[in-house]
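Given these sequences and hints, build the entire structure.
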Amino acid sequence: MSELTGQNPDAATRGQNRASRSELTGQNPDAATRGQNRASRSGSSRLAVRKTYKLFIGGAFPRSESGRTYVVNDNNVALASRKDLRDAVVAARKAFPGWSGATAYNRGQVVYRIAEMAEARRKEFKSLGVPSDEVDAAIDRLVWYAGWSDKIAQVLGGANPVAGPYLNISSPEPTGVVGVLAPADSALLGLVSVVAPAIVTGNTVVVLAAEAHPLVAVTFAEALATSDVPGGVVNLLTGRPAETAPWLASHADVNALDLAGAATDLARDLEIAAAGTLKRVLRPAPADWHADPGLTRLTAFLETKTVWHPKGV
Amino acid sequence: MAAFEYAPAPESRSVVEIKPSYGLFIDGDFTSPRDGGVIKTVNPATEEILSEVAEAGEADVDRAVAAARAAFANVWGPMPGAERAKYLFRIARLIQERARELAVLETLDNGKPIKESRDVDVPLVAAHFFYYAGWADKLGHAGFGPAPRALGVAAQVIPWNFPLLMLAWKIAPALAAGNTVVLKPAETTPLTALLFAEICRQAELPAGVVNIVTGAGATGRYLVSHPDVNKVAFTGSTGVGREIARAVAGTSKKLTLELGGKAANIVFDDAPISQAVEGIVNGIFFNQGHVCCAGSRLLVQEPIADELIDALKRRMSQLRVGDPLDKNTDVGAINSAAQLARITELSAAGAEEGAERWEPDCELPSQGYWFRPTLFTGVSQSHRIAQEEIFGPVLSVLTFRTPAEAIEKANNTPYGLSAGIWTEKGSRILAVADKLRAGVVWANTFNKFDPTSPFGGYKESGYGREGGRHGLEAYLDV
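In order, the protein sequence lines correspond to chains G and C. So for the first sequence, numbering that gives the first Met the number 0 puts the first residue at 0; every next one is plus one. So for the second sequence, numbering that gives the first Met the number 0 puts the first residue at 0; every next one is plus one.
Because the hints were derived from the structure by calculation, they are not lab data. Remember, predicted model here, so these are calculated numbers, not experimental data. Glycine included, C-beta positions come from ideal geometry on N, C-alpha and C. Mixed in with the good hints, there may be bad ones.
[Stated by the list, open to error] Pairs of lysine to aspartate or glutamate residues, derived as EDC-like cross-links and limited to a Cα-Cα distance of at most 16 Å, are as follows: (1) Lys310/G - Glu423/C; (2) Lys93/G - Glu423/C; (3) Lys326/C - Glu4/C; (4) Lys434/C - Asp476/C; (5) Lys150/G - Asp135/G; (6) Lys85/C - Glu4/C; (7) Lys434/C - Glu221/G.
[What the hints assert, rightly or not] Covered by chain C, per the in silico footprint, the following chain G stretches (three or more residues, Cβ under 8 Å): (8) 74-85; (9) 150-160; (10) 253-267; (11) 299-311.
[As the list claims (entries may be wrong)] Chain G side only, calculated, beta carbon under 10 Å to chain C, not exhaustive: (12) Leu46; (13) Pro96; (14) Gly97; (15) Thr174; (16) Lys278.
Structure, rendered in structure tokens:
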């Protein structure tokens with residue numbers, strides 16, 4: 000496929016879903032294989048292969064170790080347990096040295112690759128009920144954040160003119176493992192808007208998908224799994240955040256929390272739990288996910304390291 | 000031993016006038032506490048009672064916050080940045096003019112050597128105000144949007160190890176950004192903050208912009224949980240930091256914390272030994288080791304361990320411990336009886352757990368709170384003296400073989416405030432600095448500070464930065 004066509008969302012859709020650019024997803028075989036029960040009954044007599052919606056931990060798609068599921072739109076979705084959460088934190092910690100140590104250029108390309116893979120899944124996202132403009136915005140947001148990987152250090156860091164014969168340089172570094180409660184009010188754009196800024200700077204994340212939107216979240220995880228994102232950089236748990244989030248907030252190997260998807264009372268309780276290990280906490284705030292996100296979510300999970308060295312001959 | 004004996008060279012304390020008692024500085028005036036008691040402040044070098052200060056109660060904190068709120072709404076908030084800047088420049092100049100007075104008072108109340116308060120603390124205090132003064136009318140260029148807004152009233156609680164310097168780190172950026180403040184100094188070191196209040200009056204700073212409430216833990220707790228403060232800034236122990244983080248949970252208060260540390264000072268086998276020894280001594284014995292970023296864990300590469308430790312012992316034997324007002328003194332008094340007890344307890348634990356204790360044979364004054372510079376060798380990672388912050392002149396020595404092991408050991412702590420690297424190899428400095436999870440890394444130097452240089456920790460050493468452009472963020476609504 001030509002690189003040029005990739006710049007045009009419509010062209011990309013046409014190019015990657017070679018069969019058709021029809022918006023009538025029910026007539027598209029690709030959509031049928033993506034597991035929608037309704038789709039499988041609307042077309043030919045062939046019985047569709049349904050998708051099993053599982054967790055995404057360490058680059059793999061396991062079921063919940065608890066064996067539990069809950070039903071969303073006729074799909075049995077994995078209901079993550081405390082043990083799944085701990086496994087996800089272990090995977091995120093294990094992935095941190097490699098991902099934070101990768102070059103900014105490399106991380107930028109990987110996040111851009113997520114946008115490419117998301118573009119390829121436009122129809123599936125739409126079939127799951129994500130509005131077309133939200134899919135567009137989510138993909139464009141990935142591209143926007145991809146470009147930040149090798150610029151944020153120049154914007155936030157630099158040399159400091161100390162009053163003495165020293166070289167003194169400040170640079171931003173990723174905070175570590177970030178726990179994320181995905182927003183409940185925006186299934187795809189909200190999710191992308193909290194995951195991309197955390198990982199593009201080198202953090203690894205454990206995301207608790209919004210309880211009502213696991214199908215979109217798992218589908219996004221499938222895009223991640225095919226995007227050269229190293230296993231463990233993004234771990235995504237479906238289920239009930241109110242059940243698992245307290246363990247995430249008190250986990251001693253989690254460095255920060257994005258509470259975007261937490262309701263007021265839960266957010267306060269989680270912030271109290273997070274204080275035990277002095278996690279950085281980004282409190283929930285009303286958000287227009289379509290608006291310019293600014294730097295808030297990038298800077299929330301960055302540390303500043305300042306290095307001194309004497310000058311002398 | 001010594002070729003020349005030192006003659007005593009005490010700095011005169013006549014430059015300072017200490018009143019028998021002090022009220023609270025609220026809304027531009029010193030006032031009596033409504034419902035609080037008094038706290039005696041002591042010279043830790045002599046146990047002499049220097050003065051009595053008010054202990055602010057809830058009603059006093061309420062008054063101070065109300066004064067700060069009114070000043071924010073009516074005076075300081077609406078004031079053009081250029082005018083705020085001139086007040087801060089004026090304060091910087093007054094600090095320079097009254098530097099000797101501030102240094103002597105700091106040494107009396109804190110116990111730190113006069114050469115440190117005179118040459119480090121007070122010059123840095125003036126520099127901080129001078130630096131942030133210049134930001135007050137340039138906030139739109141600081142990278143936080145075209146017109147970043149102040150938060151409002153800042154509640155600030157500071158420790159006793161650098162009383163005036165921590166005040167400057169808190170107040171200068173807060174005022175530059177357009178906030179008003181209520182600051183609580185530590186209960187053992189309130190006097191320079193009260194002298195600073197007098198400087199605010201001399202600068203004709205509008206009433207209520209800076210309020211100083213003296214008191215202990217209860218005063219601080221009430222201040223940080225006051226519903227009408229918009230910002231909480233704290234420097235102190237990690238334990239209290241956790242308490243404050245819980246107290247502000249669920250509110251819209253912005254919080255920055257600068258907490259404890261257990262810094263690794265890593266010496267590689269190609270390091271210049273004599274420079275490294277000076278850096279190690281400065282790293283742990285500066286300010287009696289009452290430094291959150293102190294290099295309290297020395298990691299030495301095995302081939303040079305014996306040579307380095309011998310050189311370190313020789314150097315430690317030359318340290319002059321005693322009268323903080325004496326200009327020759329290297330190590331002053333421990334700040335309080337409580338802190339001395341903690342250092343004593345942890346050092347005893349070090350010996351009990353099997354580390355080998357060494358201290359130079361130096362005489363200590365009979366009055367006051369003193370602790371000899373102390374070295375522990377044969378320390379392992381699991382020892383309490385390798386894990387817990389001692390906050391005193393006690394150095395734990397561990398060894399390593401490879402750079403990877405040094406990095407592993409350095410990062411094996413819940414803290415992440417600072418670290419040191421000593422090597423002649425530039426590429427090694429950069430590679431190791433990249434891997435250390437610490438907010439400040441000193442390479443071939445240690446314990447250097449500057450108002451333009453962001454300071455603050457990773458992990459459980461807290462969050463937010465003080466100093467530099469970064470330090471403004473803590474006081475802006477961004």
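Quick rundown of the hints versus the structure:
1. Lys310/G - Glu423/C: holds, 13 Å
2. Lys93/G - Glu423/C: violated, 32 Å
3. Lys326/C - Glu4/C: At roughly 14 Å apart (the allowed maximum being 16 Å), Glu4/C and Lys326/C satisfy the hint.
4. Lys434/C - Asp476/C: violated, 32 Å
5. Lys150/G - Asp135/G: violated, 24 Å
6. Lys85/C - Glu4/C: violated, 48 Å
7. Lys434/C - Glu221/G: violated, 32 Å
8. 74-85: violated (count 0)
9. 150-160: n = 4 at 8 Å, threshold three: holds.
10. 253-267: holds (count 4)
11. 299-311: Result for this restraint: holds, n = 8.
12. Leu46: Nearest chain C Cβ about 51 Å off; hint violated.
13. Pro96: holds, 9 Å
14. Gly97: At about 13 Å, which exceeds the 10 Å cut-off, the nearest Cβ of chain C leaves the hint on Gly97/G violated.
15. Thr174: holds, 8 Å
16. Lys278: holds, 9 Å
When each numbered hint is compared with the structure, violations occur for hints 2, 4, 5, 6, 7, 8, 12 and 14.
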